[in-house]
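Residues per chain, in single letters:
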Amino acid sequence: GESVGLHLPTLSVQEGDNSIINCAYSNSASDYFIWYKQESGKGPQFIIDIRSNMDKRQGQRVTVLLNKTVKHLSLQIAATQPGDSAVYFCAESYQKVTFGTGTKLQVIP
Amino acid sequence: NAGVTQTPKFRILKIGQSMTLQCTQDMNHNYMYWYRQDPGMGLKLIYYSVGAGITDKGEVPNGYNVSRSTTEDFPLRLELAAPSQTSVYFCASSRQGRHSPLHFGNGTRLTVT
Chain A
1 GESVGLHLPT LSVQEGDNSI INCAYSNSAS DYFIWYKQES GKGPQFIIDI
51 RSNMDKRQGQ RVTVLLNKTV KHLSLQIAAT QPGDSAVYFC AESYQKVTFG
101 TGTKLQVIP
Chain B
1 NAGVTQTPKF RILKIGQSMT LQCTQDMNHN YMYWYRQDPG MGLKLIYYSV
51 GAGITDKGEV PNGYNVSRST TEDFPLRLEL AAPSQTSVYF CASSRQGRHS
101 PLHFGNGTRL TVT
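In order, the protein sequences belong to chains A and B.
All residue numbers for the first sequence refer to our numbering, where the first residue is 1 and numbers rise by one.
All residue numbers for the second sequence refer to our numbering, where the first residue is 1 and numbers rise by one.
Cross-link-like lysine-lysine pairs, in silico, BS3-like; alpha carbons within 30 Å at most: (1) B/K44 with A/K42; (2) A/K68 with B/K44; (3) B/K44 with A/K104; (4) B/K14 with A/K42; (5) A/K71 with B/K44; (6) B/K44 with B/K14; (7) B/K9 with A/K42; (8) B/K57 with A/K42; (9) B/K57 with A/K96.
Derived by calculation from the structure, the hints in this document are not laboratory data.
Here chain A stands alone, though its shape is the one from the complex:
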């Protein structure tokens, strides 16, 4: 498998439970944020995005929350499924896009 998952924090979640993945961003001027999912051996895949004028955005089974006061972003996945197992990372955008290092989500059947 891909070595991208090495040395990453791991979140283990029971199938059917909700998952919450957190991300601290660095630039208070960042105005656009994105969550990506990366499965082993594949490229990152867009999940959901949010602009800085919002604090919450919902997609299908996913919700992103943005707290600009503490520069914190979270991704909530409802009813986690085995297919959700992957590395998840956030990205912040100001003059350039900066990617986080990621969290490995492990779903326990």
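Place chain B on chain A using the hints.
Coordinates of chain B only, in the frame set by chain A:
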């Protein structure tokens, strides 16, 4: 649509050799990017292009070159490969630059020995 297609998937190079990583997209995106991904690190931008004929350096451009003769293609050239260039390389495209999500290819795993 195939999206972003990268070739080859894997490659082993000897120190000092050269190669071109190919990238093509069929979404008619103006913006294209090359990133490298090292274990435990976030994606690092090597080069990017905002349209055919226009390229610019990213954070880690040394040892690489790019060209953008068409909207679809954005090849990355490695000259005089070094062990520090061992990495996974991702090409990506986007519709509107930094305020739109990136569409990634599935990567090229390069080993330089």
